[in-house]
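All chains should be modelled from the sequences, with the hints used to inform the complete structure.
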Amino acid sequence: MIDPIKPPRRKNPLLRTRLPASPPRPRSRTSHGFTRAAAEGRFMLQRCEACGAFAYPAREACPSCLSADLAFADAPRRGVLLAETTARVPSDVYFRERAPWRIGLVKMDCGPTIVAHLHADCAEGAPVRMSFQLDKSGQAVAFARPEGETPNMADDRQWREMTADPKFRRVLVTNGRSVIGQEAVVALKAAGAKTVFVGVAEPWRPFAGEDLLRRQEGVEVVTLDAADEKSAADLAADIGGKVDILVNTTEYVRAGGLLDRKGTSIARDEIDQTYLGFINLAQAFGPAMRLRGADGVNNSVAWVNILSVYALANWPAFGAYSASQAACLSLSHCLRAELRPGGIKVMNLFTGPVDTEWFQTVAPPKVAPRAIAQAIESGLKNGLEEMYVGDVAEEVRQRLAANPKALERELDR
Amino acid sequence: MQSKNLLELAGAISSGAVRVVDLAFTLSPDFPVIVLPPEFGQAAPVRIQEISRYDGRGPAWYWNNVTFGEHTGTHFDAPIHWFTGKDLPNNAVDTMPAKDMIAPACVIDCSAEAAQDADFVLTVPIVEAWEAKHGRIPARHWVLLRTDWSKKGWRDYSNLKDDGAHTPGPNPAVMKWLVEERGIIGFGTETIGTDAGQAGHFEPPYPAHHFLHGAGRYGLQCLCNLDQLPATGAVIVASPLKIQNGSGSPLRVIALVGAN
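If you're matching them up, the sequences are chains W and B in order.
The numbering of the first sequence is the working numbering, which starts it at 606 and goes up by one.
The numbering of the second sequence is the working numbering, which starts it at 160 and goes up by one.
Read the hints as simulated data drawn from the structure, not as lab findings.
Hints may be right or wrong, so weigh each one.
Below are the DSS-like pairs computed for lysine-lysine, each with C-alpha atoms no more than 25 Å apart in a straight line [stated by the list, open to error]:
hint, chain 1, residue 1, chain 2, residue 2
1, W, K835, B, K311
2, W, K772, W, K799
3, W, K986, W, K799
4, B, K245, B, K335
5, W, K867, B, K245
6, W, K847, W, K772
This is how it looks when you write it as structure tokens:
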């Protein structure tokens, strides 16, 4: 059993802020099958198409029958911890700073034996639940947790290195005017965030839900117009060093594609709000977040984007909007690479049409804003990188993987 | 006028004998803009993007790229802004006569009334009462409505409720009368828009825009420091940016005020 983590004290200003180090990074190309699994919170192993045996680590041929036909497939997570060891003085800087560090050998029910990082409550001979997690290098590592829930389970030191749990952390929700933003504030507070800063652009303009937002304890309404370079920079000057998780809830949805719109002013607003807003936020908050990747219990850990799944495939009815989302998706990959030295996760959450005013005439199914907020919370707690929220998003993903051309034709309705 | 008189004016400005009052707000991103229903095109807010600031992007110089809508901040409305003035000659900021950019002003102080009622409207009797005290409004003068609205915080300044903005302005009759009976050159306010916040419900809607621009006259809005102007005798300098076929522009409005 592990002790609950304590709320971090205020920092000693005489001490230097510890810079983030990264665990080893190199992986084979095949191994990135695990990266994909970890990013989505799936547990996948290579499985031989010829003999059905699971293999680990990543291989080019089946160790049982030598078939080269190995594909990643979802695998059962259960295993038994055969042996454990504690690394006390590792040579790697990242692990040396975090020693002692427990690892173990897990015999999976499905066959392979896996070297895994261990949750403190894992005991030799006991069953474990295996997952792939993204470490501070953004690479997949195997992680074994006890099969059932244990007290203060999420507070495990090694587990917390793999996740971005909001507990005791300070979060900036960039747009509190939207229902998604307001739901996110509630969910993150409920998840134990110490403070949720919530940005409101043009504070002279009243909005629905404002009173509730301002009344919540531990919620600080701040002025932030992400599309305005100076506004983002001014806020970062105030709280940039206190943002451990940034949730970008920028929302600018307008119907229409190219020919039925006149001129570029709406497209320009779309780009201003979403794409340039993203850049402003990244430039204002990114550097401090990257620097604070190892700053104690409430270190900086994650950046969350809420993107339309039509970033992946253009939906002509909302064609220009789709394009602005695609631009943000591309930018998110750039941000992920640039925040990587700080160990900051960039989580993209893809949704279909949301049950909000600007998708009013779109037929269901639509995603409830609360479902998005809950996904943010669970994604952070599990350290994910890609999430598909709702049936539409999941379906678009699957159809895109199956046949992008078919999806293109079918979205043109 | 002889040029020596002009030089005398310049000397008086320089010496302070003629006061120069700045009637413009700072053009900044956080200044409220007009709010239209979201399905309409929106005025772009002010954006200031640094090009360089004595840094790697330009080691010895500081400058910005600035974008804004024509109707942001303290701004000028040209006749072409409204449908009633769309077919008039020289109706845009680049073609309007330069001489119209300098004209005297009558300032009608309704700050007490506006403090009592956000939906205060200026009426003909109120202006007639003002005339009884200060004399008839001469032709080609600006009429500036002082409400002290510019002294409010931004939220009270825009004063948006769920049925729209509530800010003071003129009623239809007084606008028609000022334009047709007094021949004013334009009408200026401290609020966002020359019209009242609820003027969309007037008949005709937005009477200041309707009558002013239909007659080739001008509007000024988001003015400040009107409390520093005398009721009569101040001279307004309002020269908008020369935007090609522009419907208006942010501008620096100044008033020259002599000693009484």
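Each hint tested on the structure:
1. Restraint check for K835/W and K311/B: satisfied, since their Cα atoms lie roughly 23 Å apart, inside the 25 Å limit.
2. Pair hint K772/W plus K799/W holds up; C-alpha atoms about 7 Å apart against a cutoff of 25 Å.
3. Straight-line distance between C-alpha atoms of K986/W and K799/W comes to about 15 Å, which keeps the hinted pair within the 25 Å bound.
4. For the given pair, K245/B sits about 18 Å from K335/B by alpha-carbon distance, which is consistent with the 25 Å threshold.
5. With a C-alpha separation of about 20 Å, the suggested pair K867/W and K245/B falls inside the 25 Å cut-off, and the hint holds.
6. Only pairs whose Cα atoms come within 25 Å are accepted, and K847/W paired with K772/W is accepted, the gap being roughly 14 Å.
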